[in-house]
Amino acid sequence: MVGVAGVRGGVYGDGGRWRGVLFAASEVDEWKIMPFNAILSGFAYFVLGSSYWGRMYAIAAAFFVVAFVMLLDIRWATLEYGATWVVSLTMIGLHLRHLGRRQEADRHPR
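If you read the sequence shown in the numbering used here, its first letter stands for residue 169, the second for the next number, and so on.
Worth flagging that the hints you see were computed from the coordinates, not collected in a lab.
There are no misleading hints in this set.
Quick list of simulated restraints, FRET-style, between CB atoms:
| # | residue 1 | residue 2 | range |
| --- | --- | --- | --- |
| 1 | His276 | Gly250 | 32 to 40 Å |
| 2 | Arg275 | Trp199 | 41 to 49 Å |
| 3 | Arg278 | Ala226 | 33 to 41 Å |
Ideal placement from N, C-alpha and C gives every residue a C-beta, glycine not left out.
All chains, full assembly: derive it from the sequences and hints.
What follows is the structure, encoded as C-alpha cells:
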C-alpha cells in the first residue's frame, strides 16, 4: 500500500517539470508564445459563450485583440495576458456573485 507521500504530484503535479522540458527541447522562450496562449484562451471563452453566459463572447474577443496587440511589442505580452485574465475572471466573479444574491433573494422573499 502506497502512502499519500508516495503519490504526491500524481499526473498533474509534474506539469511545471514537463512544461520546462517542452520549452527546453523546443528552445522557445515562454513569453514568445503568449499570443498563441491568448488565442487558445479566446477560443475557450468563445465555446463557453453559448452555454454559460453571452458576455463570454466579449471576453473571447478581448483575448483575440490582446493576442494581436502582443505581436506589436512582445515585451509587454505577459502583462497584457495577465491583465486580460484578471479582468475576465473579475467579470465572471462579479456575475456569479450577482446570481447568488438574486437566488438568495428569491429563496427568502421579504
